[in-house]
Amino acid sequence: MIRADSDIVLEVHGLRATVNDIEILKGIDLTVRRGEIHAIMGTNGSGKSTLAKVLAGHEAYRVTGGSVVFEGGNLLDLEPEARARAGVFLAFQYPIEIPGVANSHFLRLAYNTLRAQRGEEELDPLEFEDFVRDKMKLLEMNPDFLDRGVNEGFSGGEKKRNEILQMALLEPRLAILDETDSGLDIDALRIVTQGVNRLANRDNAIILVTHYQRMLNHIVPDYVHVMESGRIVKTGEKSLALELETRGYDWVSGERRAAAGV
Amino acid sequence: MGTVTVAGGYLESLLQGQPRPPSSPLAWFNQLRADAVERASALKVPTTRDEEWRFTDISPLLGLSFQPVSAGSALDAADVGRFHLKEAAIRLVFVDGVYAPALSRRPEKVGTGPVVANLSEAVVAHATMVKPHLARHARFQDDVFTAVNTAFMHDGALVFLPRGAAIRSPIHLLFIASQKAAASHPRCLVIAEAGSEAMVIEDYVTLQQEAYVNNAVTEIVLADHARIDHVRIQRDGIEAFHLGRCAVSLARESRYRSVAIALGARISRYNLDTLLAAEGAECTLDGLALITGRQLADTHTCIDHAMPHGTSRQSHKCIVDDTAHAVFNGKIMVRTGAQHTDSSQSSRNLLLGARARVDTKPQLEIFADDVKCAHGATVGQLDSEEVFYLKSRGLTETAARNLLTYAFGAEIIDRIPVASLKHRLERTVLDHTQRS
Amino acid sequence: MSAVLQNLVNQPYKHGFVTDIESDIAPKGLNEETIRLISAKKNEPEWLLAFRLGAYRKWLGMEEPKWSTVRYPEIDFQAISYYSAPKPRKKLNSMDEVDPELLRTFEKLGVPMHERAALAGVAVDVIFDSVSVATTYKQKLAEVGIIFCSISEAVHMHPDLVRQYLGTVVPVGDNYYAALNSAVFTDGTFCFIPKGVRCPMDLSTYFRINTEESGQFERTLIIAEEGASVSYLEGCTAPRFDTNQLHAAVVELVALNDADIKYSTVQNWYAGDENGVGGIYNFVTKRGLAKGVNSRISWTQVETGSAITWKYPSCVLLGENSVGEFYSVAVTNHHQQADTGTKMVHLGRNTRSTIVSKGISAGHSHNSYRGLVRVAPTAAGARNYSQCDSMLVGDACSANTFPYIQVRNHTAKVEHEASTSKIGEDQLFYFAQRGIGNEEAVSMIINGFCKDVFQQLPMEFAVEATKLLGFKLEGSVG
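Protein chains in written order, with our numbering: chain A, 1 to 262; chain B, 1 to 436; chain C, 1 to 478.
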C-alpha cells in the first residue's frame, strides 16, 4: 500500500538508547508513512524489541541521541500514556497479567480515556459491551474473556488475541507489534494476523517486530528492515524476508563484512 | 516432654560417658570436634516448646541409652548383597557408623581425578580441599544434633569432584544398622567443583528391628555450573530414631536436585537447608514420607534465595496411615536483592488412618518485590470422584484406593533417576498400600 | 514510578488532631489499686472486680509473646494510664447533652452521632478513650429486644447476661494482652440479639484514642441467640503523637444455633510518621465461638493503621455445620509492622471455613500473614479453603506467609494457596501504553487485588475502606 505522497507518520532519525548504561540502539533511521506495513527483523539481542519499547516510552530505556517525530510532534517529549493517547500502540511480547481486574473494565477504561481525549462522550458499560463484542467476533474470541482478569491465566494465544482486540478498540495511528507471532500455534497465528490485516488501512501504519518470517506469510509487509547490533543494516521488500529465512541472519552479517572488506 | 534436667543428663552421657573417636593427625580437625563438644554441652535437647520442634516430641529418645560402635563389622558380602544397586559401580558401606572397606567398592584415585573415600582417612590426604568446607555449611552452633555429630565426627563419605569431572555411576553410600542400641554419627561431605556432575545416593537400611539411633550430617557444596543429584532413602528399623541434616550451598548457575524418601524409623527428623548463594542457582526438592503404625516423620526444609535469578521447585508429600504423624515445615526465604526469584512449593498430604495426623507449615518470607513465589498445601483423603471413576471401570473399592494411593506416592519416587532403586521403592509403596 | 506509588501510598493521616477536652485521667501505673480504682469509678459489682483481679494475677505470671515477627522496644506498663474519661461524666439522656466538643470531634471524623443526621440504618456506640460517650438508636433497637449499649451499662442493666458470657470465648489467661485487658478494660460495646431476631440495622462502634498517655482497653461482647443475625462494624482513629499508645482490646462473639454474626473492622489508628516515630500498638484478641448448629461467624478487616498490628480474629467452630470466615486486607507502609491472620479451629462435624487474606506492603514495612487451621479428631468432614496473597510495592519491604495446618481427622479437607504479586514498572507501563495514567492504574491494580475482601464489607464501609487506601473505586467494588 505504498503511496509515496502519503503523510509521514513516524520519522526516526539517528536514534540511540541505553539500558543500564549499555547502548542497545546505535543510530536508527526509519521513515514510516500512512498505509505502510514495515517488518523489522533480526536475531535475539539485535535491538528490535528495544526499538519498540523506546518508541512506546518504557522508562527502563534512556534515549541518548537522535529524534523521533510522530505526526509532526516530538514523540520523545511525551509520557507513555500521552503517546498511547496520541495513537501509538504497542502490542506486547509478554502481555502483563493483572489479577482481579476484569478485562472488560480495563478495556472500557482504556477506550473511554481515548474518547475523552478526542472530546467524545464516554460509553457506559452496556454500550461498551455491545461495541466490544463486535470487535471480539473479528478475533474469534469467546465473550467469557470479558469477565476474566486482564490476561490472568490466559494461554499465550489468548493473550496475543487480547492485545489485538485492544488495537481494534483503540484504533491507533501507529501499531507496533512486538513478536506477536511468538508462542502462537498455526490457528492462533491465522486468527491474529487476519485481525491485524482487517485493522490495517490507508490511514494507519504498522510496524511488525519479528524474528521469523512465518508471520509475514500472513501479513504482507511493504518494507523489511534487518537489524543487527542496534542498527538497521539492510532494507528491502518482502522478498528479503524470504531470503533471510532460507539463508539465515549470518548471510546479512557476512555480506556486510565482505562489503567492509573485513 | 523432656525437662531441661533430663536433657542435660542425656547430653552429658552422650558426650562424656561414651568412647570418643580416635584423634586425627590434623589439629584443626580435632579442634573442630572439641568446639562441637563445647557447643553441644551448652545447647539443650529441644522440646516441643521450641518452635522448630513443636510437633515432634523426641523425649522417647532420651529414655534410652545408645553407644557408638568402635569395632569393625563382622558382616560379609552375603549379608548386605540385597542392598546393592546394580547401577552403582561405586559403593561405600558403613556398618553402625563404621566404614567397612571389605563391603565397599570404590575406584582407585587416579592423579587429580575425583575422590570417593572414607572421610576420616581421606581428610588427611585432602585437607586443603576439605578444611574450607567441613562444618562450614552445616553449622553446629545452633543445632544440638549437628554439634553431637561433629563432636563424634569420624567415618563417612568424602566425595570430591574436580573441575569439569563427571562421574557417570551413581555413588551409593550405604549405611547399615546391625546392632541394637548403637549410635551412629555418619558425616558426609560432597565438594563439586565448577562444572562437575555426580549423583549421590544416601541409603539408610537396617538388619535388625530394635532401637538404635542414626544422627547423620551431610554437606554438599556446588561451585559454578556444578550439578548434583542427591537421593536420600531412609528405611531405618521400626524402633529406630533417625536425625538427619543436610546443608547445601549453590554457586552461580549450579543445580541441585534432591529426592528424599522417609519410610522407616519410629521417629525421624530430616532438616534440608539449601542456600542459593549466587545468581542463577536452581534447586528442586522432592520428598515423600510414607508412614504407618505409630511412626512420626518430620521434614524441615529451608530454601534460602540469597541472590537474584534463583529458581526453586519443591513438592513434598506425606501418606499417613494408622496413628502415624507427619510433620512438614517448608520455609522459602527470598532475601533483599534476590530479584527475579522464581519459587514454588507444594505440600500434599494423604490421611489414610482414622487417627492419622498431619501438621504442615509451608512458609514464605519475602524481602524483594520482583519475584514470583507461590505455595500450596492440601490435606485430605483420596478424591472420591477419582475413586468413583475407577470403580465405574470395574475396580473394587480397595483396588481403586490402592491404585490412587500408589499413584500419589509414585509421583515422587518416579523422580529418582536410578531404575532399580525406583522399582524397589515402588514395590514398597505397593506393599504398603495393599497392606492397608 | 516509585515516586507515583509513594505519593499514592503516602496519603497524609487525616485523623491526627487532638480534641481539647478536660479529661479525668487515672494516675499512671498498674497494680491492684489501679484495678480497684477503675472498678470503683465504674461502680462495678464485686464479681467483676474479682474477675479483673484474677486476670491481673494471671497476667503477672505471664510473658509477652515473642513468637511473631513484630519488633518494638519494651513496653513500660507502669508508664501508661489505665483510665481516661472526658469530664463531666453525668448520665446522658439524649445526644444533645453530649459535650459539643466531642460532637464536633466525631463529626470531623465522619461518625454520625445525631440520630436525625445519621446514616440511615446504622446505630453507633462511640468510645472516647476509656468510656462510651454515646449510643444511638438504643430505643428503636430495644423495641425488637436488641440490647445495644456500652458494656459498662450492660454490667449494671443486664448483669446476668454479661456474667454468663464474659470471658467464655477468650478466657482471662488466654494470652498476655487478653489477660491485661481482662484486668483493666474500661468500656466497650455490648450487643445481644435475642432468639429469632434479625437486627434491622447495622450496629457499629467508633473508637477514638485522644489522650497521649492513656492506653485503650476496650471489651466487646456480642451474643446472637438461636436464629438471630447481626452485622457489626467497628472503626478506629487516634491523634498523631510522637509516643506510642497501647491498644489491647478483647472481642468475644457467641453465635448459638442458626445464628449469624458478621463483624467488620476498618482499623485506621495512627500509624506513626514516615520515620516510624509514634503510632498505636494494636495488640488485639478477637475470637468468635460458633457454638450452635449451623451458626456462622464472619470477620472482615481492613487494617491500614497502627505502628504495630498483632491480631488474629478467630473462629472456634464447635457447632455441627458451623461456618467461619475471615476476609482481610492489611496495608503497611513506612515502618509499620503487621502480623495478622486468623485461627480456624474445627471441633464440630462438617464445619467449614474460608480464609482470604491480602497483604500489601510498601516502604520499609513488614507485613505477615499468620494463620492456623486446626482440625480436631472430632471434626469429621471439616473443610477449609485459604487464599493468602501478598503484594509488594518497592524493594525495601517484606511480605511473609506463615500458615499452620494441623489436621487430626482423616475425613477433613484443607487447601491453602499463597502467591505474590507486585506493582512495578512493567505493570504501570502496560497501563500507560493503553493510555491509562499511573494513579488510575495503581488504583485498579490494588482494587483488583483486594476485590474478594471489599465485596464482603457493608456498602458504607467498602467506600470508606477504599478511600482509606487512597484509591478510587471505579467499578471494581460492589
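Note that these hints are calculated values from the structure, not bench results.
This structure is a prediction, so every number in the text was calculated from the model and none was measured.
Misleading hints may appear alongside valid ones.
Stated by the list, open to error - Computed footprint of chain B on chain C, listed as stretches where at least three residues anywhere in the stretch have a Cβ under 8 Å from a Cβ of chain B: (1) 267-281; (2) 390-401.
To be verified - Think about it this way: if two alpha-carbon atoms lie no more than 20 Å apart in a straight line, the pair counts; the simulated DMTMM-like pairs of lysine to aspartate or glutamate are: (3) C:451 x A:250; (4) C:422 x B:50; (5) B:331 x C:212; (6) C:66 x B:51; (7) B:131 x B:193; (8) C:66 x B:50.
The beta carbon of each residue, even a glycine, is placed where N, CA and C say it ideally should be.
Quick check: which numbered hints come out false for this structure? Result: hints 1, 3, 4 and 5 break, sorted rising.
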